[in-house]
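Starting from the structure of chain A, add chain B where the hints point.
Take a look at the letters that make up each chain.
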Amino acid sequence: MRDVGLVQTTVRAETATRGRGSSAGSEERAGVRVELVECERRYGVVAALDRFSLTIEPGELVALLGPSGCGKTTALRALAGLEQIDSGSVRIRDVDVTALPPHRRELGMVFQAYSLFPNMTAIDNVGFGLRLRKADAKSRRQRAGDLLDLVGLSAQSRRFPHELSGGQQQRVALARALAVAPRVLLLDEPLSALDAKVRAQLRDEIRRIQLEVGITTLFVTHDQEEALSMADRVGVMASGRLQQIGAPDEVYERPVNAFVAEFVGSVSRVPATVGRDGTVDVLGRRVPLPSPQSAFAPGATVDVLLRPEAFAVRADPCGLGVVTRRSFRGPVLHVAVAVPGQVEVVATMSATAGADIGVGTAVSVEPTGAPLFVTEPRAGVA
Amino acid sequence: MAALTLSPRGRSRAAGASSGMPAFRFGVVTRSVILVVAALYFVVPLVASGRYALEGAHGTYTLSAVTALFHDSALWSSLQLSAEIALGAGLLTLVLLTPTSVWVNLRMPKLRRLMESLTLLPLVVPVVVVVLGIYGAFPTTVVGSPVLLVFEYVVLAMPYSYRAIDSGVQALELHTLVDASRTLGASWPSTFRRVLVPNLRTSLVAAAFITIAYSLGEFAMASLLSFTTFPVQLYQIGTDQIDEATAVSVFALLVTWGLLLGLSLLGGRRRAVRGSGAPGPAGRPPVDGVGADLVAEVESVLGHGDPGVPGISHLRGGGT
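Sequences listed follow chains A and B, in order. If you read the first sequence in the numbering used here, its first letter stands for residue -4, the second for the next number, and so on. If you read the second sequence in the numbering used here, its first letter stands for residue 110, the second for the next number, and so on.
Treat the hints loosely; a few may be bogus.
In silico contact screen, one side only, chain A against chain B (beta carbon under 10 angstroms); selected entries [stated by the list, open to error]:
1) L77
2) P96
3) H98
4) R99
5) G103
6) M104
7) V105
8) F106
9) R126
10) A174
Simulated from the structure, these hints should not be mistaken for laboratory data. Note that the Cβ used here is the ideal one computed from N, Cα and C, for glycine as well.
Bound-form chain A, shown alone (with noise of 0.2 angstroms):
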């Protein structure tokens, strides 16, 4: 899976530009043991970072996801060293290097925006770090060569940042963070000044890189796609919290709290009633509840949050759900449902399914088993 060529390759280059002064061991740089512990920002009374934890796997790459102002570059920025904590501690294999300042911490940072040396080419920029260590021209040029090619783009290594795409750019950053062969690669919302093909391509070939080299990696986005798809673990934040922290799959189908379940992929929330035997009336039909949440009294109004496609929608002309928008997306057809209490419900079906429903179409909705998450009904809603 992983290319052990490249990693040797990294570690060779490594030892060769490091040689002497380097105060970490070298033998293997790949895959190191990251861990925020307690860590506490504030900003007046507002935290950024509230008693966050996070421990990273030796080559794992986790996303933090978030919405802005949730704490998720914060936490970056502590591990880079960029920003400091009030309080807490970050470790690198087991170092505390709370107190050193970034250009100690041997890291790799691509930032959100663009972030390349202006005065220098594409092949410099990827030098730069190597040039700090001394490392002597040929080698030098010969490992920036190497990155510029596994980023591929050796073809474009005379150019200066501005002759070069925001893809492009983005590419000689990654290849600029790696070539210094650090413990840990930060990448802080990388592909959110791309436009939507780019960056699906480069979200694959960071994906690739990352195995291929057997970095451990810190992934800080907004876009939940990009979260679910790359990382090995997403680590859901709000209010300088984590959330939840799992899988992608763990997160999506399980998540821990009404905000998990909200942020990550779409969510209809529809009032029910709790019934006898773990079971939910849900718009006319008796589902199970979720498994671990059965605590809600026999009786109790609640909300139930559903993923589009747990719901079976059928043209029925007496359905009490009135179709109000319909999208095409290729082999799937989204459409949004009024149904009676003032909700709308978003329902994903196979396009076949759906080619007799159109806007104003009466259907009948049903849930098709367990909701999501089932929580206190929000207030003022009826």
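Chain B in isolation, oriented as in the chain A frame:
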């Protein structure tokens, strides 16, 4: 986006785009007229000065004033003094103001307005008041030495030099570049030297040039403090040998032009490197070489008012 709307034909100069002025297209005739009028404004006095310097008795022409100039040792030592002071002031300006501007923009953006008004103060306070202040503030060893003028000129040129540096710093993606450099293993001094200074070169050259030009031409302060700098010496020559003084003035002017030309070539080379600039992050227009057009920068900064350079006008007034 901004660059596109401002220069639909891609002809708009960087300076025009950066100042937010739309690119007006003048007809050839209008442009030529403006050029001729502007050229006359500069060329006529220059030619007249040149003629006056070379004029001998009874309508003849002689090089005696020019040769006398090359044998005037007092003049050369005053020029040397001025050059040393100017270089010192230029260097000190860069050393003091570059880190200041970087720091303010990076860590204390709220202080930017304060810095802008602070650096304007030397324009508001009359030179005589500054001189009086100097006598109170500096130790006598400094007050008696021409080194004093170095400090003075750094302060007096600050309204122009600080702006030149600050506009360059603001045009950079400062935070990202610094963070990138730091995470790649560069210490602060290294980041400054390898990343910031090369990318600020045009602005730094402009700031140094402005300070040097100011220092070379400043008369009032040097005269009040009794230092025989080049302009002061020029004035003294002018009181008794007006033709020689005019020759010196023309000579000084040519030297200054040479300097400007050299620097504008430097600025041009820089523009080729910076080119159209990297597309900025979302919501920001491309940097498009803001501060790259050195001459425009120097001219626009100096265009706020000619603070010093009394030499020629003084001599004119005294000689005719």
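Hint check: is the beta carbon of A/V105 less than 10 angstroms from a beta carbon of chain B?
-> Where the cut-off is 10 angstroms and the nearest Cβ of chain B is about 9 angstroms from A/V105, the hint holds.
Interface hint outcome for A/A174 [beta carbon to chain B under 10 angstroms] = 8 angstroms, holds
Is the shortest C-beta separation between A/M104 and chain B less than 10 angstroms?
-> This hint holds: A/M104 lies near chain B, its Cβ roughly 4 angstroms from the closest one there, short of 10 angstroms.
Can A/R99 be said to touch chain B, with a Cβ gap under 10 angstroms?
-> 8 angstroms, holds
Against chain B, with CB atoms and a cut of 10 angstroms, does the hint on A/H98 hold up?
-> 5 angstroms, holds
Status of the hint placing A/F106 at chain B (closest C-beta pair under 10 angstroms) | This hint holds: A/F106 lies near chain B, its Cβ roughly 5 angstroms from the closest one there, short of 10 angstroms.
Was the hint right that A/P96 lines chain B, CB cutoff 10 angstroms?
-> Nearest chain B Cβ about 7 angstroms off; hint holds.
Given A/R126 was flagged as interface, is its beta-carbon under 10 angstroms from a beta-carbon of chain B?
-> With Cβ-Cβ at 8 angstroms, under 10 angstroms, it holds.
Does A/L77 pass the interface hint, meaning its C-beta sits closer than 10 angstroms to a C-beta of chain B?
-> 5 angstroms, holds
Return the status of the interface hint for A/G103: holds when the least beta-carbon distance to chain B is below 10 angstroms, violated otherwise.
-> With a closest approach of 7 angstroms, the A/G103 hint holds.
Consistency note: the structure conflicts with none of the earlier hints.
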